[in-house]
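One line per chain: the protein sequences are E and B, in this order.
Position 126 of the first sequence, counting from 1, maps to 126 under the working numbering, and the rest follow consecutively.
The number in the working numbering is simply the position in the second sequence, starting from 1, with 342 added.
Accuracy of the hints is not assured; some may be wrong.
[Claimed, not checked] Listing some non-contacts, in silico: residues in chain E with all C-beta distances to chain B over 12 angstroms:
id, residue
1, A40
2, L98
3, R141
[What the hints assert, rightly or not] List of simulated lysine-lysine pairs, DSS-like, C-alpha gap at most 27 angstroms:
id, chain 1, residue 1, chain 2, residue 2
4, B, K471, B, K493
5, B, K489, E, K143
6, B, K439, E, K143
7, B, K429, B, K439
8, B, K489, B, K471
9, B, K439, B, K471
[Claimed, not checked] What the simulated footprint calls covered on chain B by chain E, stretch by stretch (three residues with Cβ under 8 angstroms from a Cβ of chain E suffice, anywhere in the stretch; the number is not a length):
id, region
10, 444-450
11, 462-471
No wet-lab data here; the hints were simulated from the structure.
We put the CB at the ideal spot given by N, CA and C, even for glycine.
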Amino acid sequence: MIFHHLDQPARRGGRIALLLLKNSIRMLSLLFAVSLISFALVSASPIDPVQQYLMGIGPVSAEQRAEIEAYWGMDKPPAARYIHWLNALLHGDFGISLLYRRPVLAIIAERFLNSFALMLCAWLFSGMIGYALGCIMGMYREKWQDQVLRRLCYLLSSVPTFWLGLVLLLLFAVKLGWFPVGFSTPIGILDSEVRIWQRLHHLALPALTLSLLSFSNIALHTRQKMIEVMNSAYILFARARGERGWTLFVRHGLRNTILPALTLQFASFAELFGGAVLAENVFSYAGLGSALSAAGLGADVPLLLGITLFSTLFVCVGNMAANLLYGVIDPKLRDGVKQGGD
Amino acid sequence: MEKKEYRRGDPNVPLLAVNGLSVSFQMYDNTFEQRALQVISELHLQVHAGEIVAIAGASGSGKSLLAAAILGILPDNATAAGELRYKGQLLVPKLQKQLSGTEIALVPQSVDFLDPLMRAGAQADGHRKPRPTKERRRLFQRLDLPKDTEKCYPYQLSGGMARRVLVSTALLADAQLIIADEPTPGMSLEQALAALKMFRQMADDGRAVVLITHDIDLAVSFADRIAVFYAGTIVEIANAQDFGEGPDALRHPYSKALWRALPQNGFEPIAGSQPYAGRLPKGCLFAPRCSRSTPQCAQKAPSMRALRGGEVRCFYAHGRPKE
Chain E
1 MIFHHLDQPA RRGGRIALLL LKNSIRMLSL LFAVSLISFA LVSASPIDPV QQYLMGIGPV
61 SAEQRAEIEA YWGMDKPPAA RYIHWLNALL HGDFGISLLY RRPVLAIIAE RFLNSFALML
121 CAWLFSGMIG YALGCIMGMY REKWQDQVLR RLCYLLSSVP TFWLGLVLLL LFAVKLGWFP
181 VGFSTPIGIL DSEVRIWQRL HHLALPALTL SLLSFSNIAL HTRQKMIEVM NSAYILFARA
241 RGERGWTLFV RHGLRNTILP ALTLQFASFA ELFGGAVLAE NVFSYAGLGS ALSAAGLGAD
301 VPLLLGITLF STLFVCVGNM AANLLYGVID PKLRDGVKQG GD
Chain B
343 MEKKEYRRGD PNVPLLAVNG LSVSFQMYDN TFEQRALQVI SELHLQVHAG EIVAIAGASG
403 SGKSLLAAAI LGILPDNATA AGELRYKGQL LVPKLQKQLS GTEIALVPQS VDFLDPLMRA
463 GAQADGHRKP RPTKERRRLF QRLDLPKDTE KCYPYQLSGG MARRVLVSTA LLADAQLIIA
523 DEPTPGMSLE QALAALKMFR QMADDGRAVV LITHDIDLAV SFADRIAVFY AGTIVEIANA
583 QDFGEGPDAL RHPYSKALWR ALPQNGFEPI AGSQPYAGRL PKGCLFAPRC SRSTPQCAQK
643 APSMRALRGG EVRCFYAHGR PKE
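Using the sequences and the hints given, assemble the complete structure.
Structure (structure tokens):
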């Protein structure tokens, strides 16, 4: 019981493969459920895709309209249409966007990179700032540092995204002129000619907005965890051995709070995606989020469904990464003593 | 077990001297008024090199806080008064921080005192790493810890292994004063005996061991002197053999009652219960439960005085009845 713990790479590899398989199955079933529900919702909604399509073409006769409906399968029952759509999806055909007149997959691919850059920046920034602030609050519990930072966290977590975005926009883009007012690239320059720093320049404000809104969550959780750790018996013993302040933090505080913080941060992908939709709209940033709201408002059913499915996939992958990471880092999970977190 | 007489340095200067230590907590009760809860009152104790002093008393009597006060790790809302001296030097916070983990070592009771996410080897080294890895491995071997123990995380250790890893921290630091806080609960008798033998060995090597325990039998068989702890203070310091001899050899009414309450001595319980820290009696802390208390006891707390080779806090303790 005591001795079969030593690292056995083969067994560990097998365990991770199993975990991956389990997570993949879970993800596929979730994707299926999301596709079914979102398709049902769109079918039940008053949106008429044929009508939307015709609006871009001009007036047609009733026969032509009937032909188009038949061509698109609108005369068939929803179940048949769903199966048809699902079949197309499985063959990699997400359909053509009605708004952009381009394949949905191509739009997602292009927009995703912008959104991903935005979310990654916000994610890294909020994670690092949030964790650091959480540690400070936990180490200085009930001292002035904690009091000030905690209030800041409460304040930021209760501010709406679009409002904070507008304030930052007013201050840094309009008044100070440090950052561009909107879009993901400068206006009037071909996409191929945009430099990386120009992209980053456009990215800064929306990323800041997003990260300011999400760091309080991780900061407050880390604070709680740090307080728990600091009250533990092993911290008492470490202090009895003369460890104080920074040494105590690095040797025990960091070690015991980073795992929960990482899990939480990976699990916050979903929230981040929701925040990105709003931030992208405020900053007219050409990402998935603004495409999603455009698709919703413009009744672009293929794009709407495509992005919904894709964002589900994205959030799932984030959560799965958290699970796997936990399994790699935490010695208890790694050695398979306890199969927690499942 | 043979108890050798060792003295290092000036034998007249005790390794540890606790003079009139009091510890109280600042508490807010429901009226938001601050109130001081006294948990240790006017405690006196001297510990010399080469001996084991057992501090014996009921759970919740504040024994662990004594350890915390010596090591300078009292909680933030606790204040200490009185004087602590190590080798004659006043133990101020700066010196405490410097000495704790080097000269003065705590040996805690369970695996909970090990960081769950740090390997045992690294924990034994601590942040100071007083000895090279090779020596630490040799010590682990001497403590019967299997070779791969150093790579284990605490959850992979058995209770006994964890305790030996904890003991190894004191040995690696080559601490002169070892404070062992309840090292035996949860152990089998053999394990407890083995652990106490380790402490006996440490003392025989010229170190001083303060053994905090509620197990009087074990204390009697391994300690040189026993300090009887009651309601936050030491009421009697007796030689271990006094406990073996029985109530006549003991000095304080509480120690006598404690002796009679041992299973082999009649299992006779003491009436009443230990006073709660917020409601300590004004005079002698034991007076409300003492059969011999007088109005004087309720008015004034007796101070520690020497008696028959020990020390006692009682007005009426007297010389041994004539045989």
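Against the structure, the hints come out as follows:
Chain B leaves A40 of chain E outside its interface by the beta-carbon criterion, the shortest separation being 46 angstroms against a cut-off of 12 angstroms. Taking the minimum C-beta to C-beta distance to chain B, about 53 angstroms, the non-interface status of L98 of chain E holds against the 12 angstroms cut. Listed as a non-interface residue, R141 of chain E fails to keep its Cβ farther than 12 angstroms from every Cβ of chain B; the least gap is roughly 9 angstroms. Among the hinted pairs, K471 of chain B with K493 of chain B is consistent with the structure: their alpha-carbon atoms are about 16 angstroms apart, no more than 27 angstroms.
Only pairs whose Cα atoms come within 27 angstroms are accepted, and K489 of chain B paired with K143 of chain E is rejected, the gap being roughly 45 angstroms. Straight-line distance between C-alpha atoms of K439 of chain B and K143 of chain E comes to about 22 angstroms, which keeps the hinted pair within the 27 angstroms bound. At most 27 angstroms may separate the alpha-carbon atoms for a hinted pair to count; K429 of chain B and K439 of chain B meet this at roughly 16 angstroms. Distance hint between K489 of chain B and K471 of chain B is fulfilled; the C-alpha atoms sit about 19 angstroms from each other, no more than 27 angstroms.
Between K439 of chain B and K471 of chain B the CA atoms are separated by roughly 16 angstroms; this keeps the pair inside 27 angstroms, and the hint holds. For the region 444-450 of chain B, the proposed coverage by chain E is satisfied: 4 residues have a C-beta within less than 8 angstroms of a C-beta in that chain, meeting the threshold of three. Check result for the region 462-471 of chain B against chain E: holds, 3 residues qualifying (beta carbon to beta carbon below 8 angstroms, three or more required).
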